[in-house]
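Trainee: Listed below, chain by chain, are the residues.
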Amino acid sequence: MKNISFKVNKGEYFILLGMSGAGKSMLLEMIAGLTIPDSGEILLNNRNIEKCKPNEREVGLVFQDHAIFPHLSVSANIGYALKRKVLNYSTKLDQIRSIAERVHIQQLLDRQPSTLSGGELQRVALARTLVQKPEVLLLDEPLAAIDTKLRSEIRSLLRQLNREGQTIVHVTHDFDEAISLAHRIAIIHEGKIIQTGTPEEVFGSPRSEFVAHFVGIRNFFKVKLTESETGCLAELANGLKVSSTQKSASGEGYLMIRGEDVTLSAEKYAGSELNNFEGKIIEVAGSRTGVDITVDIGVPVHVSIARVAAINQGLTEGISVWLHFMASAVNILPIK
Amino acid sequence: MQRYSSFQLIFLFLGALLLLFILAPLLGMFFATQSSELVDTWREAEVRQSIWLTLWVSMAATLIFAFAAIPFSFLMARKDFPLKRLVTGIIDLPVVIPHSAAGIAILGFVSRNSVLGKAGSAVGLDFVGHPAGIAVAMAFVSIPYLVNAARDGFLAVPLRLEKAAFVLGASPARVFFTISLPLAWRNIVSGLILMFARGMSEFGAVIIVAYHPMITPVLIFERFGAFGLKYARPVSVLFILISLLVFILLRALSREKNKSD
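Same order as they appear, the protein sequences are chains X and S. Under numbering that gives the first Met the number 0, the first residue of the first sequence is numbered 0, with each subsequent residue one higher. Under numbering that gives the first Met the number 0, the first residue of the second sequence is numbered 0, with each subsequent residue one higher.
Note that these hints are calculated values from the structure, not bench results. C-beta: ideal position from N, C-alpha, C; glycine also. Any given hint might turn out to be false.
[Stated by the list, open to error] Computed Cβ-Cβ distance ranges for the label pairs, DEER-style:
{"no.": "1", "chain 1": "S", "residue 1": "E255", "chain 2": "X", "residue 2": "K50", "range": "55 to 61 Å"}
{"no.": "2", "chain 1": "S", "residue 1": "F66", "chain 2": "X", "residue 2": "K50", "range": "48 to 54 Å"}
{"no.": "3", "chain 1": "S", "residue 1": "F80", "chain 2": "X", "residue 2": "S19", "range": "42 to 48 Å"}
{"no.": "4", "chain 1": "S", "residue 1": "I63", "chain 2": "X", "residue 2": "P36", "range": "22 to 28 Å"}
{"no.": "5", "chain 1": "X", "residue 1": "Y88", "chain 2": "S", "residue 2": "S170", "range": "18 to 24 Å"}
{"no.": "6", "chain 1": "S", "residue 1": "L16", "chain 2": "X", "residue 2": "T114", "range": "34 to 40 Å"}
{"no.": "7", "chain 1": "X", "residue 1": "H103", "chain 2": "S", "residue 2": "R159", "range": "20 to 26 Å"}
Generate coordinates for the entire structure from the input sequences, incorporating the hints supplied.
Mentor: Structure follows, in structure tokens:
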């Protein structure tokens, strides 16, 4: 990890997004105090905590595999953090019960962890951490070990907790998860943060090839850029010219277009003179959201359209089509 | 019933021979002894006292040394340090040292003229020819079993659980007593039983440090030397039966405890 620097505001849902093994877990461990960074500062509410022991920081950490103590009941697990505080027995029980209700596991309090499912255990882990009323809740891939069915339940729970005021720093490799939960996202790649911002800022304008691929932008071409009055002109390898409304100086760069921003039709698009290209469909493949069509216009262009549209237009391999996209949908990444 | 291939039948045959090798001498001894002899031997105060001495000294040695051995095993499981391999080797030394040689070493270490011996005398604790010396000899040869078992027990406790406990605000002491120790407990108990058993059966090291008071392994030896096989046999059978009883009891108790978890 090198030169990692970011700021999380109170009450924010901040997500660190990156491939598995990019060091995101280590980052959380550093914030929690389980690993010491070689250099740098960690400030919580303007207080330096990088020298504090893990049990002195006001942060809570939920591990990827919940790390529930197998030899203690659910109630004892949740109440583990309370032993430190001087409370009488019934107050402790009340706190345990109210936290359990908040995450909907009050009926499991007397159970042993070995009898619970993954989703239930993850909720126990959440309750156990929340009972300390941490300033920041750190989540390490909390949904990784959960069945897809349960994921949306836990996601709503997390959203709810954040709405109630809990600051959350959440680490994941799942793009959909990040988009659905985050106020702000930081993308980690090879030990560095390469882009920070709201989901719209980061994925609307990817600033690197890695982010673009991450977002699923498969139309990525090396181009020669020429400045123009309305933005710039990007020339593809085969000489085709693409117009973009994005301002850029002349030079070399990359061009990105989302598959969803490309329209296909049998005839040339009449609404604009710009960015119309003819080509042949070379591949039609089903995808989770519809149909992915690859059109060869000299370079392969990936188009994502709805299944219904593909059927209605009779789009099959081998036929000729015209594709069009708006100049405003063309992202340019100049090479510095 | 599982099927055995003809190749595996050979293994089965060899295994049976091995079992026979262990059981035949024992069974032969049991059958050669009459119950009347056993009763008479039990009636002898010297025999009863010897067996009792053997049991309680080994138990005391195990429990006293466990106080240092268990925390040490925890360190061995959790920390890395230079020369760690050397330390592991040192722990296993007592297993490879010939027992009488170990006894000579211990004798030099605890005799009246040594530092330890003098310190002991000052508080009224004598080693040579006393139970304390027997305990030291027993502990010397049996501690590796406890350390290794406890270390394996701690290694099996996921580090993540300890980390989670830290972040939940527990001090290192609390983490050790509420998380590491309970989860390693089964292995530790196994190690304690093993250490007790090994200590109880020690002969070579004990006889050098303390011929008297006689633990039963020494008593058997003396009776054999003075009066012969027939006279030594009843004590041996008695001792083996009582040892087996004690171990079955301990194992049953430890399993009971685990079942209630």
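Trainee: Does each hint hold? Answer for all of them.
Mentor: Comparing the hints with the structure gives:
1. About 47 Å separates the C-beta atoms of S/E255 and X/K50, a value inconsistent with the hinted range of 55 to 61 Å.
2. Between S/F66 and X/K50 the Cβ separation comes to about 34 Å, which falls outside the hinted range of 48 to 54 Å.
3. Separation of S/F80 from X/S19 is about 32 Å and departs from the stated range, judged on CB atoms against 42 to 48 Å.
4. Look at S/I63 against X/P36: about 44 Å separates their beta carbons, and that is not inside 22 to 28 Å.
5. Between X/Y88 and S/S170 the Cβ separation comes to about 21 Å, which falls inside the hinted range of 18 to 24 Å.
6. Judged by the Cβ atoms, the range 34 to 40 Å given for S/L16 and X/T114 is violated: they are separated by roughly 46 Å.
7. As the Cβ distance of X/H103 to S/R159 is approximately 25 Å, the hint placing it in 20 to 26 Å holds.
Violated hints, in rising order: 1, 2, 3, 4, 6; the structure is consistent with all others.
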